[in-house]
Amino acid sequence: AQKVTQAQTEISVVEKEDVTLDCVYETRDTTYYLFWYKQPPSGELVFLIRRNSFDEQNEISGRYSWNFQKSTSSFNFTITASQVVDSAVYFCALSEKEMWGAQKLVFGQGTRLTINP
Amino acid sequence: EAGVAQSPRYKIIEKRQSVAFWCNPISGHATLYWYQQILGQGPKLLIQFQNNGVVDDSQLPKDRFSAERLKGVDSTLKIQPAKLEDSAVYLCASSLASHRSSTDTQYFGPGTRLTVL
Numbered sequence: 581a582q583k584v585t586q587a588q589t590e591i592s593v594v595e596k597e598d599v600t601l602d603c604v605y606e607t608r609d610t611t612y613y614l615f616w617y618k619q620p621p622s623g624e625l626v627f628l629i630r631r632n633s634f635d636e637q638n639e640i641s642g643r644y645s646w647n648f649q650k651s652t653s654s655f656n657f658t659i660t661a662s663q664v665v666d667s668a669v670y671f672c673a674l675s676e677k678e679m680w681g682a683q684k685l686v687f688g689q690g691t692r693l694t695i696n697p
Numbered sequence: 020e021a022g023v024a025q026s027p028r029y030k031i032i033e034k035r036q037s038v039a040f041w042c043n044p045i046s047g048h049a050t051l052y053w054y055q056q057i058l059g060q061g062p063k064l065l066i067q068f069q070n071n072g073v074v075d076d077s078q079l080p081k082d083r084f085s086a087e088r089l090k091g092v093d094s095t096l097k098i099q100p101a102k103l104e105d106s107a108v109y110l111c112a113s114s115l116a117s118h119r120s121s122t123d124t125q126y127f128g129p130g131t132r133l134t135v136l
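Chains A and B, in that order, give the protein sequences. One rule links them: number in our numbering = place in the first sequence (from 1) + 580. One rule links them: number in our numbering = place in the second sequence (from 1) + 19.
Hints were generated in silico from the structure; no laboratory data involved. Each residue gets a CB set at the ideal place from its N, CA and C atoms; glycine is no exception. Hints are supplied without guarantee of correctness; some may be wrong.
[To be verified] Short, incomplete list of chain A residues facing chain B, as computed with Cβ under 7 Å: (1) Glu624; (2) Arg630; (3) Ser633; (4) Phe634; (5) Phe671; (6) Gln683; (7) Gly688.
[As the list claims (entries may be wrong)] In the DMTMM-like style, the derived pairs of lysine to aspartate or glutamate whose C-alpha atoms are separated by at most 20 Å in a straight line are: (8) B:Lys63 - A:Glu676; (9) B:Lys63 - A:Asp666; (10) A:Lys596 - A:Asp666; (11) B:Lys30 - B:Glu104; (12) A:Lys684 - A:Glu595; (13) A:Lys684 - B:Glu87; (14) A:Lys583 - B:Asp76; (15) A:Lys684 - B:Asp75; (16) B:Lys63 - A:Glu606; (17) B:Lys30 - A:Glu624; (18) A:Lys684 - B:Asp76; (19) A:Lys583 - B:Asp75; (20) B:Lys34 - B:Asp93.
[What the hints assert, rightly or not] Here are the simulated distance ranges between beta carbons: (21) B:Asn70 - A:Thr610: 23 to 33 Å; (22) A:Thr658 - B:Ala21: 47 to 57 Å; (23) B:Gly22 - A:Gln649: 31 to 41 Å.
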């Protein structure tokens, strides 16, 4: 069965600090997809990134970067020079590809990130 | 491009009452999902539609929950009768999910926050 674990329930840092959110997953499939979503106080889940299991290249997008390591089944998310606007709950999710393209997401418990000015 | 629309944003009812939520997906998106997010947890999939057909409703409590997507566009999720433990945010998501697509991303609406008293 698929499972996603985000061991950090809450993280609080001071603005401009770097912060890493951990995500560990379990799956028996060789083809799968990993996602990160951001949920600000407004409640809407905002898509951040999708990574497939065959692409272990790390990715950087502005202040955000993601480190995917199949050997440890981890897909960690780092925010560099954090800002108050980064305060939100962040979810890691896993999906195995369905035959017709759609994906069934299994979410972790989420990490509440608070950036203090 | 308009995002996923949901209404109402908030609903307060007493236990044993009925309630319905509405979702309008992104135009052209074939797949529609309903998730339940209990406070402090990640979203959990309730039901998944491909056009107007149900693909997965294995986690839908069918004795009280029902959902439909009659014309393959917007969808309604109903709870009848509601219980205290149904208090949660109900999120709707949609995705393109074409059989020709090797990847797929779900986009979420703002959710409906249900409080059952």
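Evaluated hints:
1. Glu624: 5 Å, holds
2. Arg630: Status holds, d = 6 Å.
3. Ser633: This hint is violated: A:Ser633 lies away from chain B, its Cβ roughly 12 Å from the closest one there, beyond 7 Å.
4. Phe634: Since the shortest Cβ distance to chain B is 11 Å, the answer is violated.
5. Phe671: Because about 5 Å separates A:Phe671 from the closest Cβ in chain B, which is inside the 7 Å limit, the hint holds.
6. Gln683: The hint holds - A:Gln683 has a Cβ within 7 Å of chain B, the shortest such distance being about 5 Å.
7. Gly688: Holds. Min distance 6 Å.
8. B:Lys63 - A:Glu676: The hint holds at about 15 Å.
9. B:Lys63 - A:Asp666: 24 Å, violated
10. A:Lys596 - A:Asp666: Holds, at about 11 Å.
11. B:Lys30 - B:Glu104: 15 Å, holds
12. A:Lys684 - A:Glu595: Status violated; Cα separation ~35 Å.
13. A:Lys684 - B:Glu87: 18 Å, holds
14. A:Lys583 - B:Asp76: Answer holds: A:Lys583 to B:Asp76 is near 19 Å, not above 20 Å.
15. A:Lys684 - B:Asp75: OK: A:Lys684 and B:Asp75 at ~9 Å, within 20 Å.
16. B:Lys63 - A:Glu606: 17 Å, holds
17. B:Lys30 - A:Glu624: 17 Å, holds
18. A:Lys684 - B:Asp76: 11 Å, holds
19. A:Lys583 - B:Asp75: Holds: A:Lys583 and B:Asp75 sit about 18 Å apart, inside 20 Å.
20. B:Lys34 - B:Asp93: 27 Å, violated
21. B:Asn70 - A:Thr610: 23 to 33 Å: 29 Å, holds
22. A:Thr658 - B:Ala21: 47 to 57 Å: 32 Å, violated
23. B:Gly22 - A:Gln649: 31 to 41 Å: Holds: the Cβ-Cβ distance is about 33 Å, inside 31 to 41 Å.
Of the hints listed earlier, those the structure fails to meet are numbers 3, 4, 9, 12, 20, 22, in rising order.
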